[in-house]
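Asks: What follows is the residue order along each chain.
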Amino acid sequence: MTEVLRRYGPVLTGVILLAVAVWLALLVLLPQLMMIGFSFRPSLPPSKIGGPEDVFTVKNYLTLWTNQIHLSIFLKTIWASALVTATTLAVCYPVAFYLAQVAPKRRLPLLILMLVVPFWINELLRTFSWYIILAFNGPLNAILLGLGIIDEPQRFLGGDAGVIVGMVYVYILFMVFPLYNAIESLDRNQIEAARDLGAGWLHIHRSIVLPHAKPGVAVGCIMTFMLAAGSYAVPALLGGPNSRWFTEIIYNWFFEGGNWNQGAAYAFILLVLCIGFILGAMRLFRVGLADIAK
Amino acid sequence: MTAARFRRLLTGAYLVLFFGYLFLPLGIMAAATFNSSRFPTVTPWMGFTLGWFQALWEDQRMWAALGTSLIVGAGVIALAVPLGLAAALLLDRLHSRAKTFLYALMVSPLLTPGVIVGISTLVFWREWFGVSGGLFLTVVAQSSFIAAYAMLLFSARLERFDPALEEAALDLGATHGQVFRRITLPYLMPAILSAALLAFLQSFENYNTTLFVRGLDTTLTVYIATKVRTGLTPAVNALSLVLIALTILGAVVYEALRRREARRQARSVVALETA
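Chains as they are written, first to last, in UniProt numbering: chain A, 1 to 294; chain G, 1 to 275.
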C-alpha cells in the first residue's frame, strides 16, 4: 500500500481507492450478499416487514425440493448445459488444434478474424438466426422434406432440442478461443519429437497436446457451462412452455409470481451451481483463478 | 492416396464445415430480409424486396429503443471505464496475496451468470435506496461486470509500462498529478479507447442482465427479443442485418487498431535495442 501512495500521491490514491471500493462494495459484493440474505426471508407485504413474521427461514429453498416441475427443470438445466459444454469442446478441439499448430502463418490472421467477427455479433441475433432456420416453414424443414427424410414439416422450435442446438451455436466461440490460446503456446517441436519417436496420432494428442491444453479446456468449459446454465435469451427465443429453462423460472418469480424472496433463493441456487462447476473444473484440471481470467 | 494427404483433406473439409456452420445461419437470416414474405424465411422465396428496410425506418419504437441503448451505453462508458482504470492502477502497484485476492474479486462478475448480476442489483438498490428498475440501474448493473473487462484491458497495457518514466518525472520535481496527466494517461490512451469501445458493445448487446433491471425502459436488444416473440416481421431481420454490418465494421476497425498498436510497439522495441 505504501508503494501505491508513493507512486500516485495522496490525492490520486484516495480517488483510486474510492473508485475500487465503490465498484467492489456497492456494485459487486453488497448486492450479492443482499440477494443471499433476502433469499432467507419470507415474502411479506410491506407493512409486515421487520415484524414478528419476518424471520430467518429456509422455506424458499425447500420450494425447489417440493416442486417437482421446478426440480426437473433445474436438473434438465444442469445436464443440458453439460451436454452443450461437451459438444462445443468436441467440435472446437480440432479447429483450435489446427489454428494453433498446423495452419500456415500467413493464413492465420484471416482465419482468426473469421472467428472474431461472429464472436462480436450480438448473442441475441445469433440466436435469432436459428429461430429462422428451425421455424416450421423454415429452410431446415424445406431441406429435409426435399431430401425425403421427413414426410411433413416438424416443430423444431419450442422443444429442448432446439434450445440445445441454439446454445451450442451461440456459445461455441467461448470454447474455441481459450482452447486456441492454450494449444498455441505448445512448442511444435514436442509434437515433432513424439512423431519421430513413433507415437501415433491419438497418442500424441492424449499424452502431449491435451495435458498442455488443460487450462484452456478448463476456461472454455467454465465459460460455456456458466453461459448455458445462465442463459435467458436462447430458451426464451427457441424454447416454449414445455422446454423452460431454470432462468425462466427465476424470471417468473420476479415479474409474474411477484415473490422476490423466492426468486432470490432460486438465483442463489443457480449461482452455487456455477461456483460448484468452476471449483470442480479447477480441481479436475488443476488450474488457478489467474489462468481463468486471461 | 497417402495417409497424410487423406488427413489433410479431412482437416480441410472439417474447417469448411465449421466456418460454414458459423456463417451460414447469419447468411440465411440476412437473406430473409430481402424476401417479401410476411414471415422472415427464405423458403419459399416470394420475391425480392427492400421494403422491410423502409418498415424498419418508420418504426418509431425501434428508434426510441435505439435511443435508450445509446444512453445506457454512454452511461456504462462513463462509469465502467474509470472504475476499471482505477482497479488496474491499484493492482499494478500491489504485490503478494492482497493482489491475488483483489484480482479474484474483480473478475468474479465475469464468472457470474448475467441474470444473477441483474437480480442482485435489483434487490440491493430497492432494499437500500428505494431505487427501482430503469436507466440508472441498467447502467449500474452492466457496469459491475463490464468494469472487469476494462480492468483486464488496462492491466494488460500497464504490464508493459516502464515505471522508470514516472520515477524520473517525480525525481525531476513533477507533482503526482502532473505525472498522471502527462505520462500515465497518455500511455494508457489506446487502452482507454479500446475499453470504451468494448464497454459500449458489451452494453449494447446485453440482454440477460438488462432484462431484470430495465424497469419500463426498453433497450434495442430487449426490443428485438420482444419483436421476435410478438409481431415478428422481416423488419427484425433488416435491423439484425444493419447491426451485424456495424458490428463487423467495428470489429475490423478494432482489430486493425490493435494490430497497428502491436506493430508500433514491436518497432519501438527494435529501435531501443539497436540504439
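I should point out that these hints are in silico values taken from the structure, not numbers from a laboratory. Using N, Cα and C, we set each Cβ at its ideal position, and we do this for glycine too. Hints may contain errors.
Claimed, not checked - Computed footprint of chain G on chain A; a stretch qualifies when at least three of its residues, placed anywhere within it, have a C-beta under 8 Å from a C-beta of chain G: (1) 29-43; (2) 51-65; (3) 72-79; (4) 122-134; (5) 157-170.
Asks: When the hints from earlier in the document are held up against this structure, which numbers fail?
Replies: 2, 3 and 5
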